[in-house]
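Novice: Since the structure of chain A is already known, use the hints to place chain B on it.
Top line first, the protein sequences correspond to chains A and B. The numbering of the first sequence is numbering that gives the first Met the number 0, which starts it at 0 and goes up by one. The numbering of the second sequence is numbering that gives the first Met the number 0, which starts it at 0 and goes up by one.
The hints are simulated quantities; they were obtained by calculation from the structure and are not laboratory data. Quantities reported herein were computed from a predicted structural model and do not represent experimental measurements. All residues carry an ideal CB built from backbone N, CA and C; glycine is no exception. A portion of the hints provided could be inaccurate.
Ranges of calculated distance between the beta carbons of each label pair, as one might list FRET restraints [unchecked claim]:
#: 1; chain 1: B; residue 1: K258; chain 2: A; residue 2: L84; range: 24 to 34 Å
#: 2; chain 1: B; residue 1: I79; chain 2: A; residue 2: I202; range: 23 to 33 Å
#: 3; chain 1: B; residue 1: R284; chain 2: A; residue 2: I3; range: 55 to 65 Å
#: 4; chain 1: A; residue 1: L78; chain 2: B; residue 2: I52; range: 45 to 55 Å
#: 5; chain 1: A; residue 1: I202; chain 2: B; residue 2: G131; range: 37 to 47 Å
#: 6; chain 1: B; residue 1: R82; chain 2: A; residue 2: V244; range: 22 to 32 Å
#: 7; chain 1: B; residue 1: R82; chain 2: A; residue 2: E246; range: 24 to 34 Å
#: 8; chain 1: B; residue 1: T115; chain 2: A; residue 2: L236; range: 25 to 35 Å
#: 9; chain 1: A; residue 1: V244; chain 2: B; residue 2: R89; range: 28 to 38 Å
#: 10; chain 1: B; residue 1: I52; chain 2: A; residue 2: L105; range: 38 to 48 Å
Okay, the calculated bits of chain B under chain A, using three or more residues with CB under 8 Å as the criterion [claimed, not checked]:
#: 11; stretch: 74–87
#: 12; stretch: 91–101
#: 13; stretch: 221–232
#: 14; stretch: 250–264
#: 15; stretch: 273–284
What follows is each chain in one-letter form.
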Amino acid sequence: MDFIFNDYNLRILISVGIYIIMALGLNLITGVTGQLSLGHAAFMSIGAYTSALISMKLGLPFGVALLAGALMASFFGVLVGFPTLRLTGDYLAIATLGFAEIVRVLLVNMQFTGGALGLSPIPNKTNLYIVYLLVFVVIFAMYRIENSRVGRAFLAIREDEIAAEAMGIQTTKYKILAFAMGAFCAGLGGALYAHYITYINPIDFGFMKSIEILNMVVLGGMGSIPGTIIGASLLTLAPETLRFVDEYRMLFYGAMLIALMIFRPNGLLGGVNFRNLVFKTFKLNRSSQGK
Amino acid sequence: MFYQQLLNGLTVGSAYALIALGYTMVYGIITLINFAHGEIFMVGAFVGLALAIFFKANIFVTIIGAMVACMLLGVVVEKIAYRPLRRSSRLSALISSIGVSIFLSTLVQLIRGPQTTNYPTNIIQNSMYHLGSIQISKLQVMMILISALLMLGLHLIVKYTKIGKAMRAVSQDYDAASLMGININQVISFTFAVGSALAAAGGVLVGIYFNAVAPLMGLSAGLKAFSAAVLGGIGSIPGAMLGGVILGIAEITAIALGKSSYTDAIAFSILLLVLLIKPTGLLGRPIQRKV
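Same shape as in the complex, but just chain A:
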């Protein structure tokens, strides 16, 4: 067992789990609701800093710190959601990008966040069991949300906002809700990350981090939960597996993104519906399932 579960592999498994949680959050905002957000790292940083400060300064238990981080991120999700609702498409993307950069600059300049030096040492509380327990909870919750009334409203907004509004869906309310839920996951991921790495620094939560998480969602296939999970796993593993090319790995990473977009523009599992796939393979009749 030591061969499989050595420190190096554990480290990778834990980061895969953390990224799955965060990417699922972004998938809800961008993939399901269709609101392009380039500021996911900001929510992650808010979660990380809040939980880290609670653990370090107040010494409260880990669970409280996690929940507080996620709730704080969620609160900021609502805060960003309100004013930016008037914006659609690219303008929303730009606004979220601006918000993320402002958060980063504030973290660098504020005293209690440790400035550019960051915060350390944060107690090391995150372990494999907690991460994967939360991963399963988040996946389950995402499935429940998507197949609920709320989820259908999200999908309607993605497909055609104006038509959704005309059908009586309160687009504003649902967009804020999507942001709040997505930010909650990002904050949770950030809090887990902070308690795993034990050191956080504003540089970790820059523009490239938001892009990295967005790449996971897009690579796997927008709006697809299994797709997002695969995307997050692949892109977390990619820098590790490309280690044999060492210096050139970011070069490969860049080229890989371009090639993927050219050959599989909808992501690996974009437009693949697992339920239909299973029904098709086993020649089951959909109506007999009572759905």
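Specialist: Just chain B now, kept in the frame of chain A:
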């Protein structure tokens, strides 16, 4: 003192405006936020540096050399990374541009190393002029003049040449323009060539002015120029110029007030304010909601 800062702001702002023009033109034509544009700016600065070091070229030769090199680079990037994605979703093109951006910055880092380098001092005999209480260096005069000349040239091309007319037609209505017999591919290539050339000129000027060139400079400069483009109204050429100058002045004012660590936040706060008050920017066209 006030006029001095205004002048310094104008100098930096004119360089931002040069970069912002590329964003605005590409967005105007294919509605793509070209994240690789910041990296083209960085490559331009490095090509200029290479010319200045190896060929002891003067400032004009360096700028023209960098412009030609980046013009080619811009066209090649468009051909490889964006043309195959013309018919797929806008998000895939965005991700592809992020891939290009990672690829280029890593490539330059592999060639040059990650450290910051300086332009040789003999590139320009920097003398100071005094106008009353205002000091102006020869370099500043040249920056403003060169930027103004390039922008004037762009204006003339867009307004009075056949290809300029085609560009305006394509940005007005992509499909109708192609039905009228305009060679869309040629127009888009030309737009990328011109935008990249302007960014390269901006790169050389900024590199000499701040006397620092680094492989990772593209990201933050690109984001700032992008905010400038949005501030002026994305898709609008005079808007990009105005936005660049306003941003430059705002930043220099912040530095003069001793808040230099907040400069990035200022750029993005202005961006957010503009988006909230007038989402189309200062000189942008109103968005139409089609039902």
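Novice: Are 3 or more residues of the stretch 221–232 of chain B near chain A, judged by a Cβ distance of less than 8 Å?
Specialist: As far as the stretch 221–232 of chain B goes, the hint holds, because 4 residues have Cβ atoms under 8 Å from chain A.
Novice: 25 to 35 Å was suggested as the range; check whether the CB atoms of B:T115 and A:L236 agree with it.
Specialist: holds (32 Å)
Novice: Check, residue by residue, whether the stretch 91–101 of chain B contains three or more positions whose beta-carbon lies closer than 8 Å to a beta-carbon of chain A, and give the verdict.
Specialist: Check passed, 9 qualifying residues.
Novice: Given the range 23 to 33 Å, decide if the beta-carbon distance of B:I79 to A:I202 lies inside it.
Specialist: Holds, at about 31 Å.
Novice: The hint says 28 to 38 Å between A:V244 and B:R89; measuring C-beta to C-beta, is that right?
Specialist: holds (31 Å)
Novice: Quick check on a hinted range of 45 to 55 Å for A:L78 and B:I52, using CB atoms only.
Specialist: holds (49 Å)
Novice: Within the stretch 74–87 of chain B, is the number of residues with a Cβ closer than 8 Å to a Cβ of chain A three or more?
Specialist: Satisfied; 5 residues make the cut.
Novice: Counting residues of the stretch 273–284 of chain B with a beta carbon closer than 8 Å to any beta carbon of chain A, are there 3 or more?
Specialist: holds (count 3)
Novice: Regarding B:R284 and A:I3, is the given constraint of 55 to 65 Å on their beta-carbon distance met?
Specialist: Given about 59 Å between the Cβ atoms, the range holds.
Novice: Mind checking the hinted window 24 to 34 Å against the Cβ distance between B:K258 and A:L84?
Specialist: For B:K258 and A:L84 the Cβ distance comes to about 30 Å; the hint holds.
Novice: At a Cβ distance under 8 Å, does chain A reach at least three residues of the stretch 250–264 of chain B?
Specialist: Coverage by chain A holds here, the residue count being 4 at a Cβ distance below 8 Å.
Novice: Note whether the CB distance of B:R82 and A:E246 lies within 24 to 34 Å or breaks it.
Specialist: With a Cβ separation near 29 Å, B:R82 and A:E246 satisfy 24 to 34 Å, so the hint holds.
Violation of the numbered hints given earlier is absent; every hint is satisfied by the structure.
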